[in-house]
Amino acid sequence: MIELGHLAAFLALAASLAQGIFGLTGARALSGRAAHVAFGVMLLSFLTLVVAFAESDFSLALAANNSHTLKPMIYKIAGAWGNHEGSMALWCLVTLGYGAAGALWMRTGRDLFEARALGVQGLLASGALAYLLFASSPYLRLDPAPLQGAGLNPILQDPALAFHPPMLYLGYVGYSFVFALAAAGLMDGRIDRVWAKEARRWALAAFIPLTLGIALGSYWAYYELGWGGWWFWDPVENASLMPWLIGAALMHSVVVTEKRGSFAAWTALLAVLAFLFSVMGAFLVRSGILTSVHAFAVDPKRGMLLLAGLLVYGGFALGLFALRAPKLDGGKPWEMFSREGALVANNVVLVVAALTVLLGTLFPLIAEAAGRTISVGEPYFRLTFVPMLALLLLILPVVQVWSWGKADLSGLWKWAAGGVGLVAVFLLLGVGLWDIPLGAAFGLALGVWLVFGAVWELKRRAVTPGRVFRLPLRVWGMTLAHMGLGVFIIGAVVETTQRYEATLALPVGGTGTVAGWTITLKEVYAIEGPNWYADRAELTARKDGAMAELAPTKRYYPAARMPTTETAIHKTGMGDLYIALGDRRDVGGEDRWVLRVYLNPLIDLVYLGVLLMGLGALFSLWPRRRRTADAS
Amino acid sequence: MLLRSLLMGLTALLLAMACAAQALDDPAEEARAQALMRELRCVACENEPISQSSAAIAEDMRARVRVMVSEGASDDEVRDWFESRYGEFVLFRPSSKGVDGVILWGGPFGLLLIGGLIVFVLARRRKAGAEPVAPEDV
Chain W
1 MIELGHLAAF LALAASLAQG IFGLTGARAL SGRAAHVAFG VMLLSFLTLV VAFAESDFSL
61 ALAANNSHTL KPMIYKIAGA WGNHEGSMAL WCLVTLGYGA AGALWMRTGR DLFEARALGV
121 QGLLASGALA YLLFASSPYL RLDPAPLQGA GLNPILQDPA LAFHPPMLYL GYVGYSFVFA
181 LAAAGLMDGR IDRVWAKEAR RWALAAFIPL TLGIALGSYW AYYELGWGGW WFWDPVENAS
241 LMPWLIGAAL MHSVVVTEKR GSFAAWTALL AVLAFLFSVM GAFLVRSGIL TSVHAFAVDP
301 KRGMLLLAGL LVYGGFALGL FALRAPKLDG GKPWEMFSRE GALVANNVVL VVAALTVLLG
361 TLFPLIAEAA GRTISVGEPY FRLTFVPMLA LLLLILPVVQ VWSWGKADLS GLWKWAAGGV
421 GLVAVFLLLG VGLWDIPLGA AFGLALGVWL VFGAVWELKR RAVTPGRVFR LPLRVWGMTL
481 AHMGLGVFII GAVVETTQRY EATLALPVGG TGTVAGWTIT LKEVYAIEGP NWYADRAELT
541 ARKDGAMAEL APTKRYYPAA RMPTTETAIH KTGMGDLYIA LGDRRDVGGE DRWVLRVYLN
601 PLIDLVYLGV LLMGLGALFS LWPRRRRTAD AS
Chain X
633 MLLRSLLMGL TALLLAMACA AQALDDPAEE ARAQALMREL RCVACENEPI SQSSAAIAED
693 MRARVRVMVS EGASDDEVRD WFESRYGEFV LFRPSSKGVD GVILWGGPFG LLLIGGLIVF
753 VLARRRKAGA EPVAPEDV
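Line order of the protein sequences matches chains W and X. Numbering follows my numbering, in which position 422 of the first sequence is assigned residue number 422; successive positions increment by one, without gaps. Numbering follows my numbering, in which position 15 of the second sequence is assigned residue number 647; successive positions increment by one, without gaps.
If you are wondering where the hints come from, they were derived from the structure by calculation, not from laboratory data. Just to be clear, a hint being listed does not mean it is correct.
[To be verified] Computed beta-carbon distance windows for the label pairs: (1) W:Gly-588 x X:Ile-689: 17 to 25 Å; (2) X:Ala-667 x W:Gly-589: 30 to 38 Å; (3) X:Gly-738 x W:Gly-432: 32 to 40 Å; (4) W:Gly-432 x X:Gly-704: 26 to 34 Å; (5) W:Gly-588 x X:Asp-657: 16 to 24 Å; (6) X:Val-751 x W:Leu-311: 23 to 31 Å; (7) X:Phe-741 x W:Val-468: 36 to 44 Å; (8) W:Gly-314 x X:Asp-657: 52 to 60 Å.
We put the CB at the ideal spot given by N, CA and C, even for glycine.
Could you build the full structure based on these sequences and the hints that come with them?
Next up, the structure:
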């Protein structure tokens, strides 16, 4: 079976090379066919890996090192991509998948351009496949096969984390096709409205899974790591945030190119950068040059190969860009105060924000090369990244109403007064009534301002309330995404500044109080799962007549000799009561259990906001409804 | 409003407090100590602040922060003490002194300024004669 999969991967490499050669020589149909063959055989190859994991075939070295017979089936399957080699196989599959999808769904009417895009995609896939087959092969056998596997890293045995890597890869790798479109457009010498219409769809198609993938990872970190937080500015998180920010900039810039023909060179550059940042993310994580809680499969040699790939891709695309960008058409004229001008501000801030994350992430490495060990963490990003984006978002509701070319500034003073007034009210309330930091009051004002701006935009465009549901889906998409930003900010500000944490050490039968919640430890007993055993605490929490039963658990995975925390979360409607079970302690001869208790207010808004952003992008991607005669 | 009730909760908590983490009596001091714990790095762990590490050394470091805060040390004094003991590595908020400090802290805003200037210059060289066109769908 595995040998068949190994052979299929070689066939996929041959087919993707054919896709590349046919494509670059302009044979659209042949290149498309090769793309479908390559995807088909790679899918087969990937399935043989999944089957080997599902069957616990430990003659496959990868399964022996990363699986275990006692694991639940879902984690056996997820184990196929829960390791370096398997995840690279997934990367190859998704790259080929986008090529096959592109061959099916590109609609520009430009054969040579589409052929070249498929060709570039084929070469990107060939590079990934060569790396898979010659530097990190998942197909190697083990003889004699061990009777038992070493097990999957226990913290990866979680539903959210089973689907986090495929989601993230759909996003990262989605930008490979955007990259291919940009390269083909540059070869063509045409980064115009037709190009932008096509590129926009693929940029959105990558942005949606990237957003959801990051959210899944964050939600997993929230409930599984047991420390109450949802974003740690960990290098691996930063590695996924950078392409997301560039992707967000691209999504806005490509619309200007689509509607007005402007920003052609810049949009092409962003299209290239989004993928380069994705590959760089993979390089940073896989090479292990960053200290990170999440990094698995650390190998410097592979890191060097990925770095070489990054340099080749980057050199090729940026060289092409330098050659062709000066010849690109400039589009329609626009003034500083116009929709175009506002989107320039959006792009400058989002790109600088991405570079800030890059600087903060790489700085410790640079300092280490100079002989100093320093750390860059949350305070740095809070003081640089956050204010930058806050300034941008502050003007969003104002500039959202601006026209292309030239804005009508007669209503500007109303918007300015409204914005300043809202911020002032929140600052006063924050200081006088709520007793929260000024930054938090400002953040709340910003969130409310964005939600208001989104609602206003719907109202403005619909003219009469009855027509709001007949607005184009793209308008809904934009406003939902911006509303999601506002919702996210409200949740993030409240959760971060008002999070409350306390530690209790209770004997069985004992009671403690945290922020009005009376928590009783009823009992602690041992339970056993398929591949773990655990201490499980049963608690009741009471507050003002409300009562909740919680059962935080501490698991121990003997195969990996590793503990994990399974937190218990009670949703109060206004936030989470979040309890993690800690160690057993001897306090003055009495046996006590440590409980870490967190109150995370409005945490759900963080995830609701991100989901709204993803949903907004999905609405924007949805094919346009056929226009009726009266709607112009 | 929220913070108030949380603070009241904290006071109640203090009465019920057992051994695990001796929170400080003064809620404001405890909040300051916790903020400091979030920006000091656990020296035995991978990329974790001491506020969220179960390592023994992190517990000692947390205790030390509380002691220093209760003795009236300023935030900077606490940071300096840890830096002198464990090196710069322990600070998640790196120093802004020196050339590298300026690059690290000034870099983002410098880039923003440069980006703004480039856009301004390019925008001034644009073709004239812009006509307002209402956005139809976005």
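Cross-check of the supplied hints:
Taking the beta carbon of each, Gly-588 (chain W) and Ile-689 (chain X) are about 24 Å apart, inside 17 to 25 Å as hinted. Under the hint 30 to 38 Å, the C-beta atoms of Ala-667 (chain X) and Gly-589 (chain W), about 35 Å apart, fit the expected range. A hinted range of 32 to 40 Å for the beta carbons of Gly-738 (chain X) and Gly-432 (chain W) is consistent with their spacing of about 35 Å. For the pair Gly-432 (chain W) and Gly-704 (chain X), the supplied restraint of 26 to 34 Å holds, since their beta-carbon distance comes to about 28 Å.
Between Gly-588 (chain W) and Asp-657 (chain X) the Cβ separation comes to about 21 Å, which falls inside the hinted range of 16 to 24 Å. A beta carbon spacing of about 29 Å between Val-751 (chain X) and Leu-311 (chain W) agrees with the range 23 to 31 Å that was offered as a hint. Separation of Phe-741 (chain X) from Val-468 (chain W) is about 40 Å and conforms to the stated range, judged on CB atoms against 36 to 44 Å. Remark: the range hint 52 to 60 Å for Gly-314 (chain W) to Asp-657 (chain X) is upheld by a beta-carbon distance near 57 Å.
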